[in-house]
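Colleague: Chain by chain, the residues:
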Amino acid sequence: MTILEPSTNEPPPASAVRGARLGVTPDQRRILYAIVAAILLFFIGGLIRPGFSSPSGIAAVLTVACFVGLVAAGQTFVILIGGIDLSVPWTLNAGAILMMSTAANSDARMPFALLVTLGMGALVGLCNGVGIAVFGVPAVVMTLAMNGVLEGLTLGLSGGLTCSSCAAYAPPLLQAAAHGTILGIPAILYLWLGVILLASFILSFTTFGRGTYAIGNGARASYLAGVNVTRTTIILYVISGAFSALAGIMILGFGGQAALGLGDPYLFQSIAAAVIGGVYILGGRGHYVGTVAGSISLVALVSVLMAMNMPEYGRSITYGVIILVLLLAYGRETAER
Amino acid sequence: MPQPKRKAAWIRLVEQNAGLVLSAVLLVIAIVLYCAIYYAAQGRLPGGFELTTTVNNTMPLVFAGAAQAIVVITGGIDLSVGGVIDLTNALAALYLGDSPLSMVLCTIGVIAVGGACGLLNGLLVAYGRLQPILVTLATLAIFQGLAIRVLPAPGGSVPEAYTAILANFEAPYSLVFIVVLLVVWALVRRTSIGVGIYAIGNDDLAAKSSGVKNLRSRVTAYVLSGMLAAVAGLFLVANATSGDPTTGNGYTLRSIVAVVLGGISLFGGRGTPISAVIGAFVSTMIVNILFFAQIDPLYQSFFEGVFLVVAVLLTAIISRLMRRRAVA
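Protein sequences, first through last, are from chains W and L.
Sequence positions in the first sequence follow my numbering and run 1 to 337.
Sequence positions in the second sequence follow my numbering and run 1001 to 1328.
Excised from the complex, chain L in its bound form:
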């Protein structure tokens, strides 16, 4: 049997990261479309101000999407992302002080609370042997309840300095935090736990027989997810400059949308949180496009739903075509 000809390295790279490439293409299309519609409406191209507000508005979803992505890669789903955001948002609004020390301590504390929420999910899923969708459904109710206990009504305040760091209105400094996220993930990805997160998503039993620490990897994935959701809560509170114990609710579904638009398979084992970051920006761009196309905001979720289905269908069709070519 003749050996199949080896493909060029870049083709293999594209094929291995089909989801990532597709979501990047989707983002480029969305940005071009946005610029065109913006130009038609305003007579000039969007500038620094638009970039800054877009980045600031997307940051919570960037981290919520990354939080969802890590759990989805293990083959699970995390419905409690919104609950963790609610809780951390409320805690931050209540306890953030004006001094730098207070800000640092509060930030660390809030992220630790997020990690603890994730730990609870992870322990119940891994050691309790429960389905992730059910565990996180139940913990969502618990975290939402705790959030309302902490901050019964919208309120609290965020020091201006804190907003200046996380959601600066002058320039899109927050992009730095995406770089930090990517660097941290690149490091985690190379540890045995990081390898385990992908392995258990592909095949739990095979991973175990290959010496992957299944339970530990799974719990770590949920803890990381909880911490990322907490960061999303911090960005949300910084951007709004006050707390709201229910504002995070929508982020459960939005984070799943970001993951799907990022081309991450909901069946697990594939994709990277980077795709979810791109997916988050795509979904913000969709909202921006609808706004400047002067579409009645009441129809917004209609178009979001349609875009979601179209994106998924396109991803499915293109990856099927690619696979057929790979076989041929």
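Next up, chain W with everything else stripped away, as it sits in the complex:
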């Protein structure tokens, strides 16, 4: 099955030879860079503001990174097949509002609300997947349109968040779960750990994961090799939708109440986290472990800049410059021969 081996069906660039000498592939090296960047940022943060890299400071950064990481899990899956999910912001926002209004302050209704919300996310993903895989709509257009559809539905059905059930708070149990700690570590991070293990298992040890990489390297070739491209694509978008909804639920639990525009920052952050973590934007290369490291370094970077009391415009500019620097360091295409 060497044909399905990710990143082996391309001639290794000169840098790969260099990497091989150190015993790591270029893909693994990118993940290492992201991890080193995260550690470095915690170190710098600790120098600027004592307490930044204390256990509680790190836990605070990781909690915020967890939200980005959950959204980026779905984003990573679809980027691996060369797609993209632009419907993240309003899937997340709709998820948070749906969870809040369905559960209506009550713990008893929470399981039902969870089911409805995750189902809504999966349904959004299903629409995306069917549009892209069956009808051949470009992923950018399909998910962009779905984002609009969800924005309209969320605003319209909730009357601009003025509906009677929109005044509810997140169920106490959900709030407790989002804020609670187990063995001194935020409970939310255990959930993330579970997601990390599950996603890594799917990507590295299942035929489904192999199929995902194969489609990213060449949809036609993997179709001929027996991968069910249509089904895999649809499932991946369903996963992405469900993860966006899950992130919405967790953000709701953390914040206590949903707001409009809640999901807006998460689109670009989820893409940036995946790319910083070494996921190739055109698909076929990368791993969720890298995305996790990318989410942590991204959030740590923003936190460091905030600790430096940098105004908003400075943060925005620095953020852009650092992404460019990282891209130039390891996101370059091989030169044309």
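Treat the hints as calculated values from the structure; they're not laboratory data.
We put the beta carbon where it would ideally sit given N, CA and C, even for glycine.
Honestly, I wouldn't trust all of these hints.
Derived list of chain W stretches under chain L, where covered just means 3 residues or more per stretch with a C-beta under 8 Å from a C-beta of chain L [said to hold, decoys possible]:
1) 45-51
2) 93-100
3) 133-145
4) 267-278
5) 307-317
Fit chain L to the supplied structure of chain W, relying on the hints for placement.
Modeller: Relative to chain W, chain L alone:
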């Protein structure tokens, strides 16, 4: 083997410009629908005032769409369009003076800033060998940051004379600028760079082996895109008569919608910025139709999303049918 019969010239012309024709048909449908709904709601047909406001409201999107189209034709995508509009909008609101000289100099300066933004994108994409979507994602953050640095809060002012030129409330004079855009594009299209922009969108490597200056064409495309986005920023500021450093944000997505409604392939190499101009008008007409159909504005993006998918599906189905006929 018998030679296939040559088709009539006009059929070939339609087939070669399927996207353009489809978007024009879409625009006609939208206008007819708009007139019908307007008539039902108001008891008369829309007149000069409606035409003028529609044109004035669409002008920023016309240029943002054209900016996006040029990059999309090279096979890329420009997420920083909104950021350039933010920045140029803020600069114009801050520096536009009352004297004609100041207006001319400021306009040139603002367009030059847009060109510089595009140059940065182009250099990073072409010489840095980075993916356009990532470069422009990063520069979007940079340009947005600069815009807020230039104009921290909505404000500034635009001289009345400037608004009278770019967004005249009396009559749709701004249509002149669309003609200027089309003429300039027709000229650029005929240069070696213009040919190169299409060639690299179709097949980068083949273009290079055919002697196209790949890197130069690509950088030029991004510079043109930046300049057009700056013009969009100017129209926006003239129409609003004051500046806002975040008002351009929505234009990144809106420009992509205009490009798609214009029937330009996101895979590159096909389509013309003219289609994006039509696409921009289609998307404004959709908003107008929803308004006069008395649909709750909260549902607006729902319908826009649905129209986008339907338009893309129709384009895909019709062009597939055409290709099947061409093969048969």
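Colleague: Could you run down the list of hints and mark each one as holding or not?
Modeller: Each hint tested on the structure:
| no. | hint | in the structure |
| --- | --- | --- |
| 1 | 45-51 | violated (count 0) |
| 2 | 93-100 | violated (count 0) |
| 3 | 133-145 | holds (count 9) |
| 4 | 267-278 | holds (count 4) |
| 5 | 307-317 | holds (count 6) |
When each numbered hint is compared with the structure, violations occur for hints 1, 2.
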